[in-house]
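Work out the full structure, taking the sequences as your base and the hints as a guide.
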Amino acid sequence: MAENELLQQMEKFQEEAIAALEKVKDESSLAQWRVMHLGKSAFISQIFTRLAEISKEDRPKIGQAANLVRNKLEAAINQRTEELKAKALAESLENEKIDVTLPGRQPHPGRLHPATQNMREILAVLSQIGFEIFRSPEVESDEYNFELLNIPAYHPARDMWDTFYTTDPNVLLRTHTSPGQIHAMHLFAPESIRVALPGMCYRYEQVSARSEIQFNQIELLAVGKNITFGDLKGTLQEFAFRMFGNNVRTRFRPSYFPFTEPSAEMDVECFLCGGKGCPMCKNSGWLEILGCGMVHPTVLRNGGYDPDVYSGYAAGMGPERITILRHYVEDIRYFWGNDIRFLEQF
Amino acid sequence: MNIPLSWLKDFIDIDLPLEELARVMTMAGLEVDEVELRGLMGPENDHHGFKFTGLSWPADKFVTAEILEVNQHPDADRLVLCQLNDGTGERTILTGAPNLFPYIGKGRLNPSVKVAYVREGAILYDGHKPGFELTKLKKTKIRGFETNSMVCSEKELGISEEHEGIIIFEADAPVGIPLADYIGDAVFVIDILPNMARNACIKGVAREVAAQLNIPMKKPQRHVKPEGKSIEGMCRIQINEPELNNRFMVGYAEGLKSQPSPAWVQRRLRAAGMRPINSIVDATNYVMLETGQPLHAFDYDTLLKRAGNQPPTIITRRAYQGEKLVTLDNIERDLDENMMLVTDQTGSLSIAGIMGGLESEIVPETTNVLLESAVWNFINIRKTASKLRLSSEAGYRNSRGVHPAIAQEACEQCLALMVEWSGGRVAPGFIDNYAKKVIDPVNRITLQDIQRVLGVEIPLEKAAELLQRLEFECTLENDGNVLKVKTPPHRLDIGEGVIGRADILEEIARLFGYDHIPTTRMEDELPPAYANKMISFEEKLKDVLVSLGLNEIITYRLTSPEREERLLGKPAPAYVRLANPISPERCVMRTNLNVCMMEIIEKNIRLSDHLEFFEVGPVFLPREGQQLPDEAYHLAIGITGKRYSESWDTHNKICMDYFDLKGIIEAVFEGLHVPNISYSPYVCDYLHPGKCAAIYSGEELLGVFGELHPAVRQKYDLLAAPILLLDLDLGKVEPLAERIYKVQSISPFPSILEDIAVVVDETVTADEVLAVIKQAGGKTLKSAELFDIFRSAQLGSGKKSLAYNLVYQSSEKTLTDKDASAIRSKIIKRLEQVLNAKLRS
Ligand SMILES: [Zn+2]
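If you read the protein sequences in the order shown, they are chains A and B. Start counting the first sequence at 1; every next residue gets the next number (UniProt numbering). Start counting the second sequence at 1; every next residue gets the next number (UniProt numbering).
Simulated from the structure, these hints should not be mistaken for laboratory data. Note that CB positions come from ideal geometry on N, CA and C, so glycine has one too. Please note that a few of the clues may not be correct.
[Said to hold, decoys possible] Taking beta-carbon pairs under 8 Å as the criterion, some of the chain B residues facing chain A (in silico):
| no. | residue |
| --- | --- |
| 1 | Val24 |
| 2 | Thr26 |
| 3 | Ala529 |
| 4 | Asn532 |
| 5 | Ala579 |
| 6 | Ile600 |
[Unchecked claim] Quick partial rundown of chain B residues pointing at chain A, CB under 7 Å, derived from the structure:
| no. | residue |
| --- | --- |
| 7 | Ile379 |
| 8 | Ala509 |
| 9 | Met522 |
| 10 | Pro528 |
| 11 | Val544 |
| 12 | Val546 |
| 13 | Thr555 |
| 14 | Tyr556 |
| 15 | Leu578 |
| 16 | Leu718 |
[Claimed, not checked] Straight-line C-alpha distance at most 27 Å; calculated DSSO-like pairs for lysine-lysine:
| no. | chain 1 | residue 1 | chain 2 | residue 2 |
| --- | --- | --- | --- | --- |
| 17 | B | Lys219 | B | Lys51 |
| 18 | A | Lys225 | B | Lys462 |
| 19 | B | Lys486 | A | Lys276 |
| 20 | B | Lys462 | A | Lys282 |
| 21 | A | Lys225 | B | Lys484 |
| 22 | B | Lys51 | B | Lys129 |
| 23 | B | Lys732 | B | Lys742 |
| 24 | B | Lys691 | B | Lys533 |
| 25 | B | Lys129 | B | Lys61 |
Written as structure tokens, this is what we have:
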């Protein structure tokens, strides 16, 4: 065979092989192509096996050319293989595509009641400043709820509480957590006291969007030998900072509770409008948050402390009121109504 | 208490903006609920923290004017045309006011009629509509007459509900000045706290404001002096119960002729919330509002007649049981022996301190008045008023305490005003029975007292200066180390000893200003901590339940026996029962949390296809021989609905059942580290008898759970899904929770897994099978989980197959198949021996 003719045949073989490769669409045809064009019986492989038959002077040239063709075809099939893999992956990704805008499946998350969430936040702050939780009964004696707190029967101060009485005239539903003050004093005396008294209280009232027959209260009580009105202001200011934001302004104004003297109301700068005035603070810039005062000497004495030696302060607030303010709750009945549409929002 | 500014100005010279005055009052402890404008302009901006209501009268729109002539409208019977001078000139105006009709056709009037005149654009109340509705005065045409201004009634100006005629001023009223300058006022509505009863009067509020501002008090000028025959011998006063009536004094005025009080008096009474009646009654009310001392006027001629024309004896005494009196509101009152009466020899005259009797009441024809100024025990008055459900302005003050020293001043002032407004003369002197003197407490305080309680150093000289503003008599004693403080004779709220000192310290703090007391940190040592285990246990429990996907509810603790019966089948054996429930629906304290739970499930049942609720709270259980009930904290769980919520590709309709709840319960005990809990079949009235279990720790019953009984279901509005309920007594569970527990080591050696299935009798429980497997498997058996229960004809009736995944693992070595099959054989053998089980091939 003439040297030129062989070179031409190789060139033709290469052209035909490349053209055939372009038509290959899948893996099995790819394997077939490899057998046909790079396999043992392929034309180009035959050239190598029959190289001995070629004249000695033509041998290197033919061998070189055949090598070139084989390398080209190897490269071509490798490239084609990659192309087909990429294509297959692209196709399968395309097939797996989902509508990412479809809604997610609903988990069933558990939640604490908003009153508990708020109560925990307040109690956590109080615990940071040294007050531990103390619980006392909700059904109370007249003695603990009123008498021992310096509120004798028929005293005008009794008008401050609308009371649910039970069929036992000496037993009532506590109107405030303050009977806990006496219970705590009886337990702690003569040690000093720093307790937070949380819990449900009751008020004889028609239920409406603005008033409830049961509500939580949290009270603080500190009793010791060196406790002053200044400490009361300092502690409550610290509480307000931690609860409503650092450096929120507070204001104390005179008030009256039979079990404290002097008594005060603490207002906190409205955290909804920053004190500029809004409907929630009735445009005043202030929110009435808690009532407080120095424990009345009679109460200290009833608790087992000598009022000439010991002093103390007490403060009380309504946690639901804070939730109402913070979340613009329009109807106080939502709390104990337990409609999931309300509970789910906290 | 309503405080008209104009009246306050009789006692103090103040020229503060209204909102500033409201702030001063509030800082004195007189909380201002609202400021009701009656002509005066309100604050310019909103940012002051007080509620302003009522009407302002701008100076260019509301003026005083005079009517010079009144003529009939030619075409309308009920309208008149008036010639009016508003200070800028004469014009004709149209009105239908009937109180101008008498002037029709009288020509030029002398003196002219002084009126309130309002110009176009003014905002005022609509006189024709009920209530108080604002309207703007516009130009209109009435019967061919164009009008853009009007003369006003009191209602249109917002000072009373009177709209029968226009307001007519005294003849000497000025013309053409702003109406607000003439009669404009503002009323401060104040909450009088129980310790401030002394301030339920104009003078009291004035005194507090004067003290806050450190300005002097004035005395209103009264011009009438007593003259003629003295009161001596006109009556006798006998007090039977000095404890309940410590002072009773009377004064006398004669030759009175009752008539309408001066317009300014009527305006003040109305502003303060009282209805003017006539010049005699009004004087008693006026002085009560001003001084705080309730007064009562008797017709002296009636008393004389009752006493057979002898000087009467006034006796104050307890009512007889069953005695009756018709009060001046024409209601017959049933009295009892705890109630005090004012009587004469023939019978009762009035209910002491609260309301007069009809018979001795003064009438329009009364000319001679015996005026009572008396002081009563406020607790006793309070009991009487609440028993009779009788409230009055006098009763309000007498049931809060009035100092007896005020009685004489009030009596004097009232007689003077009666004569000033009704003619006649005041007899000199009083007949006074001051049966039990009030001794005004004297307290002594030191610098240490101030510092110990208030935490601020206020020198005693400064403290004295502050207290003197409130009329305390202060003297420094003991080289200036002790301040002696004598209570002024109008206060009953200052005690003695340590209480008196606290009372004085409060007054010092109030005047010093709470804002000026520095804020400090407590220096006192921290007290011992008594950790409250139950509360931290409950909080942990709530966290576990929330992590399991349950939602907390907090329900009403008040319910009714009927509501409890609905679930429980019968009411509880005993209840904490209210004496004064707001409704029969909420009349007892609950004894079972699931009653509330069911109501909340019922309420939410259509709002979600998956409900999981829990509540932690007390139930109230009365105990024999105990004054207060046990307040046992329980956990209730209520779940119902689909196990998996429906979504666009999930249509699994499986509902939660007994085992979903049991899984939660198991997870709770695990989460709280409560070991050795067992479950056994149980009967509970409201639960399905076949799907109900009791929870035990050893022999102790901790709680019960299961599916709601089908018969009970009928009583609720529910959907098809079963309702699962738990009731757990937390007081019994809390002590079982381990705070110290051992953690198992993790074995480095591989485990061997295998399944076994055994056939047992239906009567054998899963718990029994498991117990045998575990016991036989020993410590190498790491776990045994039931994964299938199978029944078939082939197994035979009364038989079931239970299949378990077993996991073997040693902490010492890698187990071989031989080791595993040894354990397996042991387990099977034990099952055969103990439960007569057969291995299922
Ligand atoms: Zn605000």
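Here's how the hints hold up against the structure:
The interface hint given for Val24/B is broken, as the beta carbon of that residue sits about 11 Å from the closest beta carbon of chain A, more than 8 Å. Hint status for Thr26/B relative to chain A: holds, with the closest Cβ pair at about 6 Å, below 8 Å. With a cut of 8 Å, the hint placing Ala529/B at the interface with chain A holds, because the nearest CB-to-CB distance is about 6 Å. A hinted interface residue such as Asn532/B counts as satisfied when its beta carbon comes closer than 8 Å to some beta carbon of chain A; here the least separation is about 5 Å, so the hint holds.
Given hint, Ala579/B at the interface with chain A, holds; its Cβ is 4 Å from that chain's nearest Cβ, closer than 8 Å. At a threshold of 8 Å, the smallest CB-CB gap from Ile600/B to chain A is about 5 Å, leaving the interface hint in force. Among the interface hints, the one on Ile379/B holds; its C-beta lies about 5 Å from the nearest C-beta in chain A, closer than the 7 Å criterion. Annotation: Ala509/B was flagged as interfacial toward chain A, and the flag holds, the nearest CB pair being 5 Å apart, inside 7 Å.
This hint holds: Met522/B has a C-beta 5 Å from the nearest C-beta of chain A, less than the 7 Å allowed. Against a cut-off of 7 Å between C-beta atoms, the interface hint on Pro528/B holds, since the closest Cβ of chain A lies about 6 Å away. Checking Val544/B against chain A: minimum C-beta separation of about 9 Å lies over 7 Å; hint violated. With 7 Å as the threshold, the beta carbon of Val546/B comes within range of chain A, its nearest partner Cβ sitting at about 4 Å, so the hint holds.
Proximity of Thr555/B to chain A holds as hinted, the smallest CB-CB distance being about 6 Å (cut-off 7 Å). A least Cβ separation of about 5 Å between Tyr556/B and chain A falls short of the 7 Å threshold, and the interface hint therefore holds. Checking Leu578/B against chain A by beta carbon gives a least distance of about 5 Å; that is within 7 Å, so the hint holds. Annotation: interface hint on Leu718/B violated; nearest CB of chain A at approximately 16 Å, more than 7 Å.
Between Lys219/B and Lys51/B, the direct Cα distance comes to roughly 31 Å. Violation of the 27 Å bound is thereby established for this hinted pair. Between Lys225/A and Lys462/B the alpha-carbon distance is near 26 Å, which keeps this suggested pair within the 27 Å criterion. Between Lys486/B and Lys276/A, the direct Cα distance comes to roughly 45 Å. Violation of the 27 Å bound is thereby established for this hinted pair. Our distance criterion of 27 Å between C-alpha atoms is broken by Lys462/B and Lys282/A, whose separation comes to about 37 Å.
At roughly 25 Å between alpha-carbon atoms, Lys225/A and Lys484/B fall within 27 Å of each other, so this suggested pair holds. Annotation: proposed proximity of Lys51/B to Lys129/B holds, straight-line Cα distance about 25 Å (limit 27 Å). Between Lys732/B and Lys742/B, the direct Cα distance comes to roughly 23 Å. Compliance with the 27 Å bound is thereby established for this hinted pair. Taking the CA atoms of Lys691/B and Lys533/B, the gap is about 33 Å. The hint is violated against a cut of 27 Å.
Distance restraint check for Lys129/B and Lys61/B: the Cα-Cα separation of roughly 22 Å lies within the 27 Å cut-off, and the hinted pair is therefore satisfied.
This entry does not satisfy hints 1, 11, 16, 17, 19, 20 and 24, going by the numbered hints stated previously.
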